[in-house]
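Visitor: So you can see what is in the structure, the chains are spelled out below.
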Amino acid sequence: MSTPAALFANITQNTQIAPDIYLMEIEAEIAEAAQPGQFLHIRCSDTFAPLLRRPISISDADKKTGKVEIIYRVIGQGTHLLCQKRPGDRLDIIGPLGRGFPMPEEGKTSIIIGGGIGVAPLLYLAKQIAKDHKNGHLPLTFLGFATKQEAFGIDFLSSLGIKATICTDDGTLGYKGFPTTLFKEHLNQYQDKSNLIIYACGPKPLLSSIKDIAAGEHITAYLSLEERMACGVGACLGCSVKSSQAGYKKVCKDGPVFEAGEIELE
Amino acid sequence: MTDNTDLTVNIAGIKMQNPVMVASGTFGFGNEYKNFYDINKLGALVTKGLTLMPKAGNPPPRIHETPAGVLNSVGLENPGVEQFIAKEWPCLSKLKIPVIANISGDTVEDYYKIAKQLSTLENLAALEVNISCPNVEKGGLAFGQEPESASEVIKAVREATRLPIIAKLSPNVSHIQKIAEAVVSAGADAISLINTLLGMAIDIHSMGPVFCRKFAGLSGPAVKPVALRMVWEVYEAVSVPIIGMGGITTWQDAVEFILAGATAVAVGTANFVNPIAPIEIIEGLKTYLYLKETNLHDLIGAAH
Ligand SMILES: Cc1cc2nc3c(=O)[nH]c(=O)nc-3n(C[C@H](O)[C@H](O)[C@H](O)COP(=O)(O)OP(=O)(O)OC[C@H]3O[C@@H](n4cnc5c(N)ncnc54)[C@H](O)[C@@H]3O)c2cc1C
Ligand SMILES: Cc1cc2nc3c(=O)[nH]c(=O)nc-3n(C[C@H](O)[C@H](O)[C@H](O)COP(=O)(O)O)c2cc1C
Ligand code: FES
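Read top to bottom, the protein sequences are chains W and R.
Under numbering that gives the first Met the number 0, the first residue of the first sequence is numbered 0, with each subsequent residue one higher.
Under numbering that gives the first Met the number 0, the first residue of the second sequence is numbered 0, with each subsequent residue one higher.
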């Protein structure tokens, strides 16, 4: 695991890509170390409003250019302040934090399933899998959004040669329904499912459903979880998720990516 | 220039290179913040609260942000004293700064036993006794809420150990001075305060409490004025050294606590916001003393 740093990064871009959804690009040395699934802990305000940092996943990183990207939805005070920042402003970050997605073993077929803002970390994952996979297997992706307007990341994926299967809750883009439903249908075409590996991020119901499917079909699945965080580094024990053994795991340090069997989702 | 400033303090025999410590439960066992600075620069490190047996802690959510504050309901999750000694102590004992073990219990006997076990550790600098825990045998009222039960706990720990004892007071009382006097007569060598203030939050969507345990502990800048007032009161009541904490985020906050009567200060919630806050506070203190042409010892309680 890479060593996190606390630093001020230069913001090079902060643009709206969908209603209430922004893409921010920063310049930071951590681009080198950042793994898919890891996150940044961002101080959105110079004051105590809000006091705590906000965890946001890394949606892309480029070692060569030294750029890191995040995609975030404006839902409260912290993310509202974030979307007001301009290129040239500095961003107070700690990162890269947490354990990200393990890369698939040689020869495995990766299936990526995301819902809403949960698609963000999966974009970087898809890029790394497409890049690293020597035998040319591109990941299969199933992405769900509430409506056409809120969809993002599709162009990014197609620029990598990855075709995304899109669905929306209202049917305004792609299939009408949930990505989990499509994924379940898709699974039927495999005789041997032992070669599959699943990666998912999104709302709790999506993750629970993937966890159930993976357990039923004996497929390895990695889920990226969310929990309210204070320190983000494993010191406060604030971000607990129930372990399938005894006790709790820390989302910030043991995760945010967990093997589905490691944790209980209520 | 300012590098020559003498920041050393001695609290009940605990020799610290500066008066800035980190507060229990906000710094784990010291591993996490090593990435951000050399933690040997701190005045002292206080461990996460330890109990006799391992504790799983409370179900999520455990954290809820409030204006300039944080409510936490971690529930003293910790590996238990045995695992602490086996797994955490080898690394902690190599630090060059004093390490203080924070202890909690459900019963007076728990406190005695855990103190006894920790006393075997060479190099452990002191015990900080968290008396904000519910007294299981007395219907769950916290030990620290009444002078009698607070005193009982400290007496038991005094019997169990020759290590310096820091009694960590709960702010959830109406007469903090009475508790302070009680723990000092029971044998406490120093007092630290404040622990978190009891608070709560209600989720207006589910229309129920945010936390499973209903009430949670409030910390952060929001509690600073309360903490400062209590340090002031305790300074007037007892003569043992005081470790002040509660919402300290800057060196200016630290100076206020020292002027109110604290010999040392601890940084808690601020670590989450600014991981290098303790270092910035140490540097700020040096500069302040230099510019004021004064020394730390003359500052302690100087506002009275
Ligand atoms: C590891 C991790 C990675 C994340 N990655 C991203 C990302 O890439 N993009 C993105 O947009 N968001 C991401 N999030 C979520 C993001 O951290 C929150 O949306 C953000 O903290 C909200 O801050 P705010 O101040 O804007 O809203 P707040 O005012 O804090 O919250 C607004 C509302 O949303 C609810 N809420 C906020 N966060 C959570 C949560 N984690 N769980 C349950 N309820 C919540 C609050 O209760 C409140 O009702 C991630 C979270 C985690 C833990
Ligand atoms: C997440 C968290 C965990 C804590 N755990 C403990 C603990 O185990 N034992 C203890 O005595 N105090 C504990 N505290 C209280 C702090 O040590 C400190 O007394 C309090 O937070 C006030 O300081 P602050 O406002 O600087 O955080 C905890 C506080 C927080 C925020
Ligand atoms: S947020 Fe502090 S341990 Fe995870």
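Read the hints as simulated data drawn from the structure, not as lab findings.
Watch out, some of these pointers could steer you wrong.
Said to hold, decoys possible - 20 angstroms max Cα-Cα, derived EDC-like pairs, lysine to aspartate or glutamate:
(1) K213(R) / E28(W)
(2) K33(R) / D91(W)
(3) K33(R) / E28(W)
(4) K54(R) / E263(W)
(5) K86(R) / D253(W)
(6) K213(R) / E265(W)
(7) K203(W) / E136(R)
(8) K54(R) / E136(R)
(9) K54(R) / D253(W)
(10) K33(R) / D253(W)
Said to hold, decoys possible - Between beta-carbon pairs, the in silico distance windows are:
(11) K33(R) / K84(W): 55 to 65 angstroms
(12) H174(R) / T46(W): 49 to 59 angstroms
(13) E235(R) / A245(W): 39 to 49 angstroms
(14) Q148(W) / T249(R): 37 to 47 angstroms
(15) T249(R) / Q76(W): 17 to 27 angstroms
In this text, a Cβ means the ideal position worked out from N, Cα and C, and glycines have one as well.
Visitor: Does each hint hold? Answer for all of them.
Guide: Checked hints:
Taken as a hint, the K213(R) and E28(W) pair is broken in the structure, with Cα atoms around 43 angstroms apart against an allowance of 20 angstroms. A hinted pair counts as satisfied when its Cα atoms are at most 20 angstroms apart, and K33(R) with D91(W) qualifies at roughly 19 angstroms. The hinted pair formed by K33(R) and E28(W) meets the criterion: a straight-line CA distance of about 19 angstroms does not exceed 20 angstroms. Simply put, K54(R) and E263(W) have alpha-carbon atoms about 19 angstroms apart, close enough for the 20 angstroms limit, and the pair holds.
Of the supplied pair hints, the one linking K86(R) and D253(W) holds, its CA atoms being roughly 18 angstroms apart against a limit of 20 angstroms. The suggested pairing of K213(R) with E265(W) holds, with an alpha-carbon distance near 19 angstroms, which does not exceed 20 angstroms. The straight-line distance between the Cα atoms of K203(W) and E136(R) is roughly 40 angstroms, outside the 20 angstroms bound, and the hint therefore fails. Our distance criterion of 20 angstroms between C-alpha atoms is met by K54(R) and E136(R), whose separation comes to about 18 angstroms.
Proximity of K54(R) to D253(W) is assessed by CA-CA distance (about 18 angstroms); at most 20 angstroms being required, the pair is judged to hold. The straight-line distance between the Cα atoms of K33(R) and D253(W) is roughly 18 angstroms, inside the 20 angstroms bound, and the hint therefore holds. For the pair K33(R) and K84(W), the beta carbons lie near 30 angstroms from each other, so the given range of 55 to 65 angstroms is not met. Distance hint for H174(R) and T46(W): a CB-CB separation of about 35 angstroms, inconsistent with the stated range 49 to 59 angstroms.
Evaluation of the 39 to 49 angstroms hint for E235(R) and A245(W) yields a pass: the beta carbon distance comes to about 47 angstroms. The supplied range of 37 to 47 angstroms is met by Q148(W) and T249(R), whose beta-carbon atoms lie about 44 angstroms from each other. Between T249(R) and Q76(W) the beta carbon distance is about 22 angstroms. The supplied range of 17 to 27 angstroms therefore holds.
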